[in-house]
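In the order they appear, the protein sequences are chains A and B.
Per the working numbering, the very first residue in the first sequence carries number 1; after that it's consecutive.
Per the working numbering, the very first residue in the second sequence carries number 1; after that it's consecutive.
It should be emphasised that the hints constitute simulated quantities derived from the structure, not laboratory data.
This structure is a prediction, so every number in the text was calculated from the model and none was measured.
Some hints could be false.
The list makes no distinction among identical chains, and a pair is therefore deemed to hold if it is satisfied within one copy or across any two copies.
Claimed, not checked - Cut-off 27 Å, straight-line C-alpha distance, at most; resulting in silico cross-link-like pairs (DSS-like, lysine-lysine):
1. Lys191 <-> Lys99
2. Lys170 <-> Lys99
3. Lys250 <-> Lys120
4. Lys216 <-> Lys250
5. Lys216 <-> Lys170
6. Lys170 <-> Lys219
7. Lys99 <-> Lys216
8. Lys120 <-> Lys191
9. Lys99 <-> Lys120
10. Lys191 <-> Lys250
11. Lys219 <-> Lys120
12. Lys170 <-> Lys56
For reference, the chains in residue letters:
2 protein chains.
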Amino acid sequence: MAGTDRNRELITGGPAIVLVEPQLGENIGMVARAMANFGLSNLRIVNPRDGWPNDKAVSAASRADHVIEGAVVFETLEQALEDLNFVYATTARPRDGHKPVVGPVEAGEALRGRENAGEKTGLLFGRERIGLRNWEVGLADAIVTFPVNPAYASLNIAQAVLLMSYEWMKSGLADPHQTAFARPEVTPAPKADLHGLFGQIERGLDARGYFRSETKRMKTVDNLRAVLTRPGFSTAEINLLRGLFASFEKFDRTRQPDEGDALRDHGETEE
Amino acid sequence: MAGTDRNRELITGGPAIVLVEPQLGENIGMVARAMANFGLSNLRIVNPRDGWPNDKAVSAASRADHVIEGAVVFETLEQALEDLNFVYATTARPRDGHKPVVGPVEAGEALRGRENAGEKTGLLFGRERIGLRNWEVGLADAIVTFPVNPAYASLNIAQAVLLMSYEWMKSGLADPHQTAFARPEVTPAPKADLHGLFGQIERGLDARGYFRSETKRMKTVDNLRAVLTRPGFSTAEINLLRGLFASFEKFDRTRQPDEGDALRDHGETEE
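With the rest of the complex left out, here is chain A:
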């Protein structure tokens, strides 16, 4: 299928492709190639097993050098998501929970609309064998799943990235006379803001012995994060919520705060 025209300008940009703990360099290279085919160039890699840079990734990328060279490595998924406003997790099957589940076409269109509106977006892809953990899916705003044969569902990460990259490209080819994508009414905050809210609440709850045990803690934190992620809170909304929790945190019912304490303090974060 070779047909590259080196006189044409390279299409770049688009949603970030976020690979969570990929194991094989070959797969990272194939992901880069899939992205380049359909005009994506922002690759983020969380904690790759074999380190970075990776020679096998380079050779499998088949000259998608701009993607490989531009790849950014993060130690944690939270860091990889910090500046993104809206994130899909890709999963082979819907998980329990309250996140919306969409197909690739709808996801491609939604990402295009958000990017056109100036949001930064991303797509999460899990490890080769075990995919994404529940708490990682919990950091996403919604889930995208593929209409695979239920009796044979074994898309690898490069294939999953290929399908989403293709749907991203297709979403940009729509008839310009077609209804323009409406700007989402509320722009979700960069994930760092949301994670700041998580941290504030979870520290407060920890200090109060809310979680009882470490196993209950994990499940409760998952639920809590799901509830706080689902609305797609804006930065202003998050700041207001942080102010509420800060007020509950800092003052007893009976104490009158010094003038100015309660509202000003909520802007300070400890992360």
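Chain B: place on chain A using the hints.
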């Protein structure tokens, strides 16, 4: 992305995937896997370079055994097409000539319509390096091409087969936007639940002198209620949020709650 459910019936049938002189067994295996993911099972191979059967194809097929075992080898492309009613050639670019050129979505829908009408259909894919020769494209009824980045067009045959197999599967879904799974709707709670949350938070803030003055209070309460109303929280989500605020409210950072206090108490309302 593993998610195979072995209790589900395997989807088979559909258009024949015709590989013309494929070189690498690995690619044939990856083609089989791509087909199986999206419910295709008829693989035809014209004059494979390394003969047939091919161990590398089997191992790369990742248990898509039914596709590999059912593959039929032909000496010539003409023979491979003999019983087919309608055939698309896949190419990286449109060729000179008078054949219709369509995209993958339209091709998937056309193939579905013809198969439903009892026709036998096929899709031709060329060699790894040089694709299909012009005379081979000439044996097809129409051309399907992919909306790739013109400056980086290097879909391999397994990727091209994956995209067409995916479009075939999609064409069989009632609504092309739908995926195999339904979208969970969050049912917003009855307003009484939401108002209970308002009351709990506002009383807590009042007790802490958060509002300063009655005029500031009204504006702040309006904002707060707007933020909490916008997500359309479900009853379960509201209960979780009430639990958080109750915990912040009732316990000092230093105090350990009695067993059972924090979580159970949030169900009690004071309204």
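For each hint, the structure was consulted:
no.: 1; hint: Lys191 <-> Lys99; in the structure: both (16 Å within a copy, 22 Å between copies)
no.: 2; hint: Lys170 <-> Lys99; in the structure: both (25 Å within a copy, 23 Å between copies)
no.: 3; hint: Lys250 <-> Lys120; in the structure: neither (34 Å within a copy, 39 Å between copies)
no.: 4; hint: Lys216 <-> Lys250; in the structure: both (26 Å within a copy, 20 Å between copies)
no.: 5; hint: Lys216 <-> Lys170; in the structure: neither (44 Å within a copy, 41 Å between copies)
no.: 6; hint: Lys170 <-> Lys219; in the structure: neither (38 Å within a copy, 36 Å between copies)
no.: 7; hint: Lys99 <-> Lys216; in the structure: within (21 Å within a copy, 36 Å between copies)
no.: 8; hint: Lys120 <-> Lys191; in the structure: within (10 Å within a copy, 34 Å between copies)
no.: 9; hint: Lys99 <-> Lys120; in the structure: within (19 Å within a copy, 41 Å between copies)
no.: 10; hint: Lys191 <-> Lys250; in the structure: within (25 Å within a copy, 30 Å between copies)
no.: 11; hint: Lys219 <-> Lys120; in the structure: neither (29 Å within a copy, 31 Å between copies)
no.: 12; hint: Lys170 <-> Lys56; in the structure: neither (30 Å within a copy, 34 Å between copies)
Checked against the numbered hints given earlier, this structure breaks hints 3, 5, 6, 11 and 12; the rest are met.
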